[in-house]
Amino acid sequence: MTVQAHKVCMLGDFGVGKTSLVARLVRSTFSEKYLTTIGVKVDSKEVALPGREPLKLVIWDIAGRSALDALGMHYLRGAAALLLVADGMREGSLSSALNLLMQSRSLLPDALVALAVNKLDLVERWEVAPATLAELRRSLPVFETSALSGDGVEAAFADFAARLAS
Amino acid sequence: MSTAMPLPPAVENYLRKILIERAHPLLLSFDAGWHLQSTQGDAGFYAIDITDPERGVRELQDLFIWLPLDSDQDIPFVELASGRSAHVHLIVDDSGFHVLLLDAEEARTRERTQQQLGNEVALADHQKSKAIGKLKDIRSELERQRENLEEANALKNALIATLSHEFRTP
Ligand SMILES: Nc1nc2c(ncn2[C@@H]2O[C@H](COP(=O)(O)OP(=O)(O)O)[C@@H](O)[C@H]2O)c(=O)[nH]1
Ligand SMILES: [Mg+2]
Numbered sequence: 001m002t003v004q005a006h007k008v009c010m011l012g013d014f015g016v017g018k019t020s021l022v023a024r025l026v027r028s029t030f031s032e033k034y035l036t037t038i039g040v041k042v043d044s045k046e047v048a049l050p051g052r053e054p055l056k057l058v059i060w061d062i063a064g065r066s067a068l069d070a071l072g073m074h075y076l077r078g079a080a081a082l083l084l085v086a087d088g089m090r091e092g093s094l095s096s097a098l099n100l101l102m103q104s105r106s107l108l109p110d111a112l113v114a115l116a117v118n119k120l121d122l123v124e125r126w127e128v129a130p131a132t133l134a135e136l137r138r139s140l141p142v143f144e145t146s147a148l149s150g151d152g153v154e155a156a157f158a159d160f161a162a163r164l165a166s
Numbered sequence: 167m168s169t170a171m172p173l174p175p176a177v178e179n180y181l182r183k184i185l186i187e188r189a190h191p192l193l194l195s196f197d198a199g200w201h202l203q204s205t206q207g208d209a210g211f212y213a214i215d216i217t218d219p220e221r222g223v224r225e226l227q228d229l230f231i232w233l234p235l236d237s238d239q240d241i242p243f244v245e246l247a248s249g250r251s252a253h254v255h256l257i258v259d260d261s262g263f264h265v266l267l268l269d270a271e272e273a274r275t276r277e278r279t280q281q282q283l284g285n286e287v288a289l290a291d292h293q294k295s296k297a298i299g300k301l302k303d304i305r306s307e308l309e310r311q312r313e314n315l316e317e318a319n320a321l322k323n324a325l326i327a328t329l330s331h332e333f334r335t336p
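Respectively, the protein sequence lines represent chains A and B.
Numbering of the first sequence is given in the working numbering, commencing with residue 1 and proceeding in unit increments.
Numbering of the second sequence is given in the working numbering, commencing with residue 167 and proceeding in unit increments.
It is worth saying that the hints were derived from the structure and are not from the lab.
You may find that some hints are simply not true.
[Said to hold, decoys possible] Quick list of the computed label-pair ranges, beta carbon to beta carbon:
#: 1; chain 1: A; residue 1: Glu127; chain 2: B; residue 2: Leu233; range: 30 to 40 Å
#: 2; chain 1: B; residue 1: Glu272; chain 2: A; residue 2: Glu154; range: 32 to 42 Å
#: 3; chain 1: A; residue 1: Met102; chain 2: B; residue 2: His201; range: 35 to 45 Å
Since the model is a prediction, treat every value here as computed from it, not as a measurement.
Note that the Cβ used here is the ideal one computed from N, Cα and C, for glycine as well.
Excised from the complex, chain A in its bound form (with noise of 0.2 Å):
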């Protein structure tokens, strides 16, 4: 039997980590060194479920944006979820990511939504405030990520796993 899979589109201004998520996420590395994705690359995880069927997520790393042009439309296709990704450190990108979000909403309506907000690992010099995560927590699922140290990036997700299993 085949696992069932699932389409996960990275989303986010450029520069806040989502090809360094993803590579923590897929192949446990990190690298300091800044490389524009250009396009999109795809990768996929197993992620196991307790009492479950494993559930497989193909990960689309799209090239960042503060905003979607037709080409990002285009890659967004078919997705089951998106993880909004955000720099604590630059109060900026948190809007990107929201921007973004409302974006591809036209599109997919129905897609799953939780927001990384990453560099957890330089949390004293993040910009955006406890209460402003605090007052997204209401609305949408928030994890504090850090693709350096790995803190957070299995739970975001596996939370995204679980919701789509069920």
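We have chain A; now place chain B with the ligands onto it with these hints.
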């Protein structure tokens, strides 16, 4: 000049040859159940392991999950597991479909050199404005300390002046 005018065969052959050489087409033909029927072109160029359907073909199959397979699809600039960039097309046929890969490495490199610098500058600008903000804080703190110090100095001087005055007048 009309674009509909047929090209001289020699030119057309030449064009076809250089375009195909440049695009490095790899064609994988599947039946409706994703079973590989035939391949044409250089799978090695994209480092796709078509002998191992579990890996090489799965990578391509993953691209099209949840997309309708009854109409042609194209996904531009896909970074393959090998790191190479390709435009991936799905072309529907009577007995199944074809997946066509065209080389996008050169175009990707060009895009990347253009965007990389812009993105780096934007990130550095953000760092810089934050650093400037911090510098301003530090400066006003220093200013405050200097004022305090001046005040203290003035006080001290006044005290010394008073004292020396006191001492001078018996
Ligand atoms: N300290 C720290 N740096 C990170 C983290 N995630 C990503 N980065 C760095 O941020 C930069 C941009 O990351 P990248 O994954 O390319 O961002 P993308 O444009 O969203 O794909 C790179 O230099 C990464 O090394 C993190 O959790 N902590
Ligand atoms: Mg990236």
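Checked hints:
For A/Glu127 and B/Leu233, the Cβ-Cβ distance of about 38 Å falls inside the hinted range of 30 to 40 Å, so the restraint holds. Distance hint check for B/Glu272 and A/Glu154: the Cβ-Cβ separation is about 37 Å, which falls inside the suggested range of 32 to 42 Å. Against the hinted window of 35 to 45 Å, the Cβ-Cβ separation of A/Met102 and B/His201 comes to about 42 Å, which satisfies the hint.
Against the hints set out earlier in the document, no violation occurs for any number.
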